[in-house]
Amino acid sequence: MDKNLENKFLEELDNHQNIIHKVCRTYTNNESAHKDLFQEITIQLWKAYPKFRGESKFSTWMYRVAFNTAISLYRKNKRDLDTGPLFDNMKELEYKEYNDEQDKQLDLLYKAIHSLNDIEKALALMYLEDKSYSEIANTLGITEINARVKMNRTKTKLKNILNP
Amino acid sequence: MAQLENLKNIWKNQEEEKIKFSKDDIFKMMHQKSSSVVKWILALSILEFLLPLPNIFLFFSGQKSDSGFIEKYDLNVMLNVYYIVHVIIILGFIFCFFKNYKSISADTSVKSLMDDILKTRKTVKYYIYYNIIMAAIIGFHMFFKVFTSASFKETIPEDTNMLVIWMLSILMFFIVLAVFWLIYRLIYGFLLKKLLRNYTELEQTN
Numbered sequence: 017m018d019k020n021l022e023n024k025f026l027e028e029l030d031n032h033q034n035i036i037h038k039v040c041r042t043y044t045n046n047e048s049a050h051k052d053l054f055q056e057i058t059i060q061l062w063k064a065y066p067k068f069r070g071e072s073k074f075s076t077w078m079y080r081v082a083f084n085t086a087i088s089l090y091r092k093n094k095r096d097l098d099t100g101p102l103f104d105n106m107k108e109l110e111y112k113e114y115n116d117e118q119d120k121q122l123d124l125l126y127k128a129i130h131s132l133n134d135i136e137k138a139l140a141l142m143y144l145e146d147k148s149y150s151e152i153a154n155t156l157g158i159t160e161i162n163a164r165v166k167m168n169r170t171k172t173k174l175k176n177i178l179n180p
Numbered sequence: 259m260a261q262l263e264n265l266k267n268i269w270k271n272q273e274e275e276k277i278k279f280s281k282d283d284i285f286k287m288m289h290q291k292s293s294s295v296v297k298w299i300l301a302l303s304i305l306e307f308l309l310p311l312p313n314i315f316l317f318f319s320g321q322k323s324d325s326g327f328i329e330k331y332d333l334n335v336m337l338n339v340y341y342i343v344h345v346i347i348i349l350g351f352i353f354c355f356f357k358n359y360k361s362i363s364a365d366t367s368v369k370s371l372m373d374d375i376l377k378t379r380k381t382v383k384y385y386i387y388y389n390i391i392m393a394a395i396i397g398f399h400m401f402f403k404v405f406t407s408a409s410f411k412e413t414i415p416e417d418t419n420m421l422v423i424w425m426l427s428i429l430m431f432f433i434v435l436a437v438f439w440l441i442y443r444l445i446y447g448f449l450l451k452k453l454l455r456n457y458t459e460l461e462q463t464n
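Residue numbers (this note's numbering), protein chains in the order written: chain A, 17 to 180; chain B, 259 to 464.
Be aware that a few hints might be false.
[Said to hold, decoys possible] No more than 30 Å apart at the CA atoms, straight line, and that leaves these computed lysine-lysine pairs for DSS-like:
1) K291(B) - K38(A)
2) K67(A) - K297(B)
3) K266(B) - K127(A)
4) K278(B) - K73(A)
5) K63(A) - K403(B)
6) K67(A) - K330(B)
7) K120(A) - K278(B)
8) K67(A) - K281(B)
9) K452(B) - K19(A)
10) K63(A) - K147(A)
[As the list claims (entries may be wrong)] Some residues of chain A that are not near chain B, with every Cβ distance over 12 Å (derived):
11) N20
12) K73
13) S75
14) H130
15) S131
16) S148
17) Y149
It should be emphasised that the hints constitute simulated quantities derived from the structure, not laboratory data. Glycine included, C-beta positions come from ideal geometry on N, C-alpha and C.
With these hints in hand, go ahead and build the complete structure from the sequences.
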């Protein structure tokens, strides 16, 4: 594979890795699964990268591949044992304890999102990221009307979870 | 929805994730092998293409068994014809499977990817149906040739009820096919449960 392409991909992914972390934190609830899903998303992004023509923003394209991996391709608990050596040189990975009220609320929000189903999780994340209905419909492959209906249902469900 | 709007602000203000990978880590990750559900489908499908059920019977076609079973009941021509037909059909299935498999990419909408995975899966499903039907046809044909042959009638007592032999053979044969079907259903049920659930959720319009 072209070295330039590899470097360009690394640069772009490094700049936007926060997006993948948000998807991973939405779809997993422990550090090991988070790393595992991050790795699978990276593999799928790299596999699809030669076809990326820049018609959409890199971040939009990234969301699409990340959701596809988390929803349809990822299988849990498969590589927990052999991920170790990959991360030898890494900094401390633990989520820090939340240090203020905002972190506490964010943590509660993630907990609420965890109780949604896989499709609703994607909807909730795209709602929080302020994506347009047309982009949501495009990412999921459904009509805009259907996206609106599903979004309303997801928001109501999320609200009910947060205010039982 | 006021509270959700507030949460949106909290979401936006969230710090950079506390987990951050270095470029080195990302480089190592991108060159790892994927172990997605599609890889599992590929591995299982290859196994199924290698171990098709009618081969249990067709295996005998190229064999000169010690007991001379094939020669004794004159099954050679029949099994060779089935063998040629079977190989042509299998090659057709393998071609369709790989064509569908190659079209799977995460670089598409969530629904399209699910459709592509299910399409690939469907090829294998039809292949299994074909195998069960083919196994049934070859099995019954073999029973018929054996039970109506003079050599078979010589080996059983004269007062044997042929109806009972037929019924017992068919019953045992059905049990073998049912077990095969069940194993196949269980494996794929386990593998595609999540995908089918999400597909239904996505398709629901109200």
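Hints, one by one, checked against the model:
1. Between K291(B) and K38(A) the alpha-carbon distance is near 23 Å, which keeps this suggested pair within the 30 Å criterion.
2. Distance check on the hinted pair: K67(A) and K297(B) sit about 21 Å apart at the alpha-carbon level, within 30 Å; holds.
3. The straight-line distance between the Cα atoms of K266(B) and K127(A) is roughly 15 Å, inside the 30 Å bound, and the hint therefore holds.
4. Among the hinted pairs, K278(B) with K73(A) is consistent with the structure: their alpha-carbon atoms are about 22 Å apart, no more than 30 Å.
5. For a cut-off of 30 Å, the pair hint linking K63(A) to K403(B) is broken: about 54 Å separates their Cα positions.
6. This hinted pair does not check out: K67(A) and K330(B) have alpha carbons roughly 61 Å apart, beyond 30 Å.
7. Proposed proximity of K120(A) and K278(B) is supported: the alpha carbons are some 20 Å apart, at most 30 Å.
8. Proposed proximity of K67(A) and K281(B) is supported: the alpha carbons are some 22 Å apart, at most 30 Å.
9. For the hint linking K452(B) to K19(A), the alpha-carbon distance of about 37 Å lies beyond 30 Å, and the restraint is violated.
10. With a CA separation close to 25 Å, the supplied pair K63(A) and K147(A) stays within the 30 Å bound.
11. Under the 12 Å C-beta cut-off, the non-interface status given to N20(A) relative to chain B holds; the minimum distance is some 14 Å.
12. With a least CB separation of 14 Å from chain B, K73(A) remains clear of the 12 Å interface cut-off, as annotated.
13. For S75(A), the condition that its CB be more than 12 Å from all CB atoms of chain B holds, with the nearest at approximately 14 Å.
14. With a closest Cβ-Cβ approach of about 14 Å to chain B, H130(A) is found to remain outside the 12 Å limit, as its non-interface label requires.
15. Residue placement check: S131(A) keeps its beta carbon more than 12 Å from all beta carbons of chain B (closest about 15 Å).
16. Once the 12 Å rule is applied to beta carbons, S148(A) is consistent with being away from chain B; the minimum gap is 14 Å.
17. The claim that Y149(A) is not at the interface with chain B holds, since no C-beta of that chain comes within 12 Å of its own (minimum 14 Å).
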